[in-house]
Amino acid sequence: TTSTTSTTATTTTITTTTTTTTTTSTTTTTTTTTTTTTTTTTTTTTTTTTTTTTTTTATTSTTATTTTTTTTQMLGWTLSGSMSYDRYHHTESLLANEKVLVVGGYTSSLGSLSTAELYDPATWMWTLTGSMSYARYYHTASMLTSGKLLVTSGYSTTSGYLNSAELYDPSTGVWTLTGSMSYARYIHTASVLTNGKVLVTGGYNGGGLRTAELYDPSTGMWALTGSMSYDRYYHVASVLTNGKVLVAGGYSSTYGVLNTAELYDPSTGVWTLTGSMSYARYVHTASVLTNGQVLVAGGYNGGDLQTAESYNPSTATWTLTGSMSYGRYYHTSSLLTNGKVLVAAGYGATTGVLNSAELYDLSTGAWTITTSLSYARHAHSVCVLTNGKVLAVGGVGISSSELYQP
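Taking my numbering, the leading residue of the sequence shown gets 1, the next gets one more, and so forth.
Simulated from the structure, these hints should not be mistaken for laboratory data. Check the hints yourself; a few may be wrong.
Simulated DEER-style distance windows between Cβ atoms [said to hold, decoys possible]:
#: 1; residue 1: G111; residue 2: Q405; range: 31 to 41 angstroms
#: 2; residue 1: T290; residue 2: S253; range: 29 to 39 angstroms
#: 3; residue 1: T254; residue 2: D361; range: 32 to 42 angstroms
#: 4; residue 1: T272; residue 2: E98; range: 35 to 45 angstroms
#: 5; residue 1: G206; residue 2: T290; range: 37 to 47 angstroms
#: 6; residue 1: S108; residue 2: S131; range: 13 to 23 angstroms
The beta-carbon is built from N, C-alpha and C at its ideal position, and this holds for glycine as well.
Please put together the full structure from these sequences, using the hints given.
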């Protein structure tokens with residue numbers, strides 16, 4: 001009996017030991033797994049959060065940068081290289097090879113310039129090309145049907161008023177002198193007529209000029225044509241769709257600031273007075289609109305002007321249209337490929353040099369502010385490139401250029 005009882009106790013002990021061992025093993029495994037998972041999860045969560053934050057920040061930064069770049073390219077101004085010389089009162093012309101030629105001008109360090117520089121829209125790079133025989137500023141530049149560029153007259157700090165003219169050949173980069181005008185002049189205008197000849201009007205050479213001259217590219221010679229009713233300089237000239245030339249405003253040595261306008265008929269060589277502007281003005285701009293009318297904007301007449309008015313060739317009358325936000329003169333205007341007119345920079349009597357730009361919408365007759373230039377500039381130049389962008393160049397004390405994307 002005693003032996004049997006002992007055996008039963010032993011069996012109980014074995015059962016207890018087995019249960020304890022199994023439970024301990026299971027608990028340990030579970031605890032370890034839970035701990036590891038918790039730790040890993042916590043670490044991962046922290047890391048993930050940090051990574052996510054970093055990624056979000058990076059993405060935000062990248063997005064902001066991309067957006068800015070895209071906005072600038074889609075609308076606004078972008079710096080696009082600098083010339084070798086700062087210059088103003090120069091000319092800027094789009095060549096047949098799509099490059100841009102900037103000629104002459106004035107710089108405070110050297111006076112009048114004979115140098116010329118080429119801008120390549122494909123690379124945004126400027127390179128010097130051949131220099132003119134005469135340094136000059138306040139001259140004109142006209143693209144001939146031959147692809148050559150005609151530069152006329154101007155003022156030289158060494159030679160004074162000029163009557164000389166020079167031709168630039170883009171294929172060689174060389175300038176050659178051509179026939180000289182009968183009158184030395186600067187602050188005049190030059191217009192390429194539908195027959196390929198170039199009409200030069202007015203200007204100054206100690207007094208205002210009424211005279212006009214025609215250049216014939218086939219002979220390289222100048223001929224006097226009819227004279228205007230008013231001597232004028234700092235005026236504007238526009239070739240109308242009917243082939244006539246409209247001259248408007250300017251300053252007269254006899255009459256002061258002008259509001260008069262005159263029409264030149266190439267078929268007769270005669271000038272006739274047409275309707276007068278509402279405001280006398282000079283150092284203003286003129287643009288031929290897509291509807292054939294001419295928009296005149298800004299200028300000066302004892303103060304800067306915000307006003308704009310359009311000339312209708314069919315009625316020979318001027319109509320005031322919307323005014324700009326800023327009065328300005330020594331500014332530029334460009335007819336964009338979308339039909340709007342871009343007015344850029346200039347000088348304000350109270351504001352000083354401007355970097356603002358405004359757009360005129362023909363359909364509404366209203367102006368809206370667009371993005372500002374990187375540099376305030378006046379007495380600069382612009383031209384519309386074949387890709388529709390506008391290249392603004394130079395200005396007083398400025399060698400840089402910038403591109404506007406409509």
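Against the structure, the hints:
no.: 1; hint: G111 to Q405: 31 to 41 angstroms; verdict: holds, 35 angstroms
no.: 2; hint: T290 to S253: 29 to 39 angstroms; verdict: holds, 36 angstroms
no.: 3; hint: T254 to D361: 32 to 42 angstroms; verdict: holds, 38 angstroms
no.: 4; hint: T272 to E98: 35 to 45 angstroms; verdict: holds, 38 angstroms
no.: 5; hint: G206 to T290: 37 to 47 angstroms; verdict: holds, 40 angstroms
no.: 6; hint: S108 to S131: 13 to 23 angstroms; verdict: holds, 19 angstroms
No hint from the list above goes unmet by this structure.
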